[in-house]
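Asker: One-letter residues, chain by chain:
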Amino acid sequence: MQSEHIFKQYDAELEAVRAKVLEMGSLVEQQIVDALESLVTSNPRLSESVIKRDHLVNALEVQIDEDCSHIIARRQPTAGDLRMILMMIKTITDLERIGDEAAKVARFAQKTFETDRMWTPRFAEIKAMANLAREMLHMSLDAFARSDATKVLAIAQMDEQVDDQYQMTIRHLITFMLEDPRAISMSLEVLFVSKAIERIGDHAKNISEYVVYMVKGKDVRHISMEEMEQEASRP
Amino acid sequence: MNPQPQANTLKNLDEVRAMIKRHKLNDYIFSIIGLLCLMVGLLTLLTLFIDLILSGYPKLLSASFYTDFPSRRADSAGLLSALVGSSLVMLVTFFSAVPMGVMAAIYLEEYAPKNWFSDLIEINVSNLAAVPSIIYGLLALGLFVYILDFGQSILTAGLTLGLLILPVVIVATREAIRSIPIAIREAAYAVGATKWQVVYDHVIKYSFGGILTGVIIGMARAIGETAPIITIGALTFIAFLPPSPITTAAPFLNFEWLSSGFTVLPIQMFSWLSRPSEAFHVNAAAAGVVIILVTLLMNGFAIRMRYKMRKNIKW
Amino acid sequence: MMTTTTPVKAEARNLSFFYNGGNHALKGVNMPLYENKITALIGPSGCGKSTFLRCFNRMHDLYPGNKYEGQIVMHPDNTNILEKSVDPIEVRMRISMVFQKPNPFPKSIYENVAYGLRVRGENNKRMLDDKVEEALKGAALWNEVKDRQQDLAFNLSGGQQQRLCIARALATDPEIMLFDEPTSALDPIATANIEELMSELKNKLTILVVTHNMQQAARVSDYTAYMYLGELMEYGDTDTIFTRPTRKETEDYITGKFG
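Residue numbers (the numbering used here), protein chains in the order written: chain A, 804 to 1038; chain B, 3 to 317; chain C, 0 to 258.
Think of the hints as simulated: they come from the structure by calculation, not from any bench.
A quick note: this is a predicted structure, and the numbers were derived from the prediction, not measured.
Errors might be hidden in some of the hints.
Dumping the calculated SDA-like pairs for lysine to any residue here, alpha-carbon to alpha-carbon at most 20 Å [as the list claims (entries may be wrong)]:
#1 Lys-124/C / Asp-203/B
#2 Lys-197/B / Leu-61/C
#3 Lys-1019/A / Thr-245/C
#4 Lys-207/B / Met-232/C
#5 Lys-313/B / Glu-110/C
#6 Lys-1019/A / Leu-151/C
So, partial list: chain C residues that the calculated Cβ filter (under 10 Å) puts toward chain B [stated by the list, open to error]:
#7 Thr-4
#8 Pro-63
#9 Val-90
Glycine residues also receive a C-beta, built at the ideal position from the N, C-alpha and C atoms.
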């Protein structure tokens, strides 16, 4: 995918869409960071701005979708180009979902400020999990930017960690609720946030799988870790 | 102003218009010169033709000129034997030159392997067309008259003229064959046709108009040929007709006329012209007009045939 | 990715071809043609795809000095159609061809279609009538010309002429039909008609098509071969070639990055 098309305009169009996807990716990444930050630091202004910026993410999705359909209609992309277009169309769906999750967390943060209950420390527990999910997204986008199919395995492993942590958090919360019924409503809220973070991890993993399809033409979705390991080790 | 020299891309519309006008002047000048060149040739021929008509018209209009034999007296001398002679000679020419020429051309185009030998033949065929006709006369005298002993007959004359136009027929036929697109040939081969099927079903049929044109133009040339006919010794004064080719008794065809003595139009004209009497010159002029008209008619027919044949064939 | 169950109709084995003058136009091509499938040959101009196609009906034999090496084996009879002892006419009776530009004979529509049969010595009027009708129907032209079969073929439109040429090639029940850029002289609608026709025809016979139009190869073919400089670079089922070709050269050519 290094060499150029004879039709230079085609290169420019593909590059423009790719840049937009990366832009959307970094915007979404920032949204996650800000949403969690606002939650942990009880910063209502920050959560407000996350909610406001969600429409930017949505707008980018619509725009990229349109650009991709234009390229399909006018250039009839094949092979690597076709796979890249398909990959981008799917990626932006996942990015948009991640954006929604971030906004959800931010909206949830706002609600907690209004009720003004003092249980902020609980969120420190899910911060590690959130960092992991954010790192996954970052790596997936990086793999896309570099057309690097080798990251998929590492990201899949990170996803398993996120899932484990999610399970752990649930168990924690259940014990909590059993111990003290007054903590139930708070615990449900924490559960809510950690579910959103777990979803973000899943979406990030999807993106890394699309990158493999784009680069190698292999579909690595819905296969076991062992199979994926085999695929990843293949040249 | 920009001091750098600029390419001559004019921006000013008035300048552009003036330039176009200047360039168009060249068109105009050339068309005038071309027309003049054309006129020199055409007008000369036309003058000649009109002059012939003017000096020969008393004879041209009298029916007896076409039905009388030559005579010692200018006013009762006619063209009959020359007309019949020319027609019969042409008949022999046609049947000797056309099949031979067409087949030779088809062989050269379709069958002959391409090597130095076929190249040599090709060069020779084109060269033969340029050999002076008197050489053919000498050849015929030696071959047909003395060796094959055909005598100074219609057969000899017909074969001689046949040889003379053979290269013309070959070249014209080859041109006609070559004008058939390769795609048509390949289409025929692709359904499994043999070479002969391609030649017979397609090549000959589609090139027929072109071949016919070549043949008629060759014949028109042959009808006016004098030199080879004189060389083989055509008579200049014939007061009889050759035996008729068609008879009333079976088998209705008769080939005695082939060995008959004869005269032809150009020779009759030449013989009248060489008389001192002014009255015979009128006859000669009239005979000249007849030759030109026959040639024109044949060429006209050729053009018409070609047009008709080409109408159904578009590549 | 190639299904092994699809029977092979013909197979080029180490096929090389030299034009008169020594131009080495094909270099050891190995390629099977699968029965009742459409195989498309793509590649830049001068890559040898037309040369390859024209080996299949020995069209090169029409011009002196051309030389084949290797084999093209027809199945199921295992005949090597490039063998000297095999008459090219026999080959052309089994494998028919449709050309780049519509090239009907300057004859009537009827005679164009009947010609292949006449060449085989068929002169029975009823038999010819039936066969002509069948071929014209097979070429999706019957409804348009059934009332004017004696009209000159040149009075048809370009697309109709090309379908007439397909009918002509079809009338003799060939086993394989070769298409040499069949739509390069046609407008998009006529092109679509021909493409539709090709995918109908593959139920009856095996098709090999050379095309300059990559999208056409993608649309009509089951298998695609990419040729470059007389070599077969990549051959596989069309879906694979157009979504994930293995070779970089193929990828560059089909995505328009060639050169």
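Asker: Next, verify each hint and record whether it holds.
Answerer: Here is what the structure says about each hint:
The straight-line distance between the Cα atoms of Lys-124/C and Asp-203/B is roughly 18 Å, inside the 20 Å bound, and the hint therefore holds. Between the alpha carbons of Lys-197/B and Leu-61/C the distance comes to roughly 10 Å, so the proposed pair stays at or under 20 Å and holds. For the suggested pair Lys-1019/A and Thr-245/C, the alpha carbons sit about 9 Å apart, so the restraint of at most 20 Å is met. A threshold of 20 Å between alpha carbons decides the hint, and for Lys-207/B with Met-232/C the separation of about 45 Å lies outside it, so the pair is violated.
Between Lys-313/B and Glu-110/C the alpha-carbon distance is near 18 Å, which keeps this suggested pair within the 20 Å criterion. For the given pair, Lys-1019/A sits about 55 Å from Leu-151/C by alpha-carbon distance, which is inconsistent with the 20 Å threshold. At a threshold of 10 Å, the smallest CB-CB gap from Thr-4/C to chain B is about 32 Å, leaving the interface hint violated. Satisfaction of the interface hint for Pro-63/C is found here, the shortest Cβ-Cβ separation to chain B being roughly 6 Å, below the 10 Å cut-off.
With 10 Å as the threshold, the beta carbon of Val-90/C comes within range of chain B, its nearest partner Cβ sitting at about 9 Å, so the hint holds.
The structure shown violates the earlier hints numbered 4, 6 and 7.
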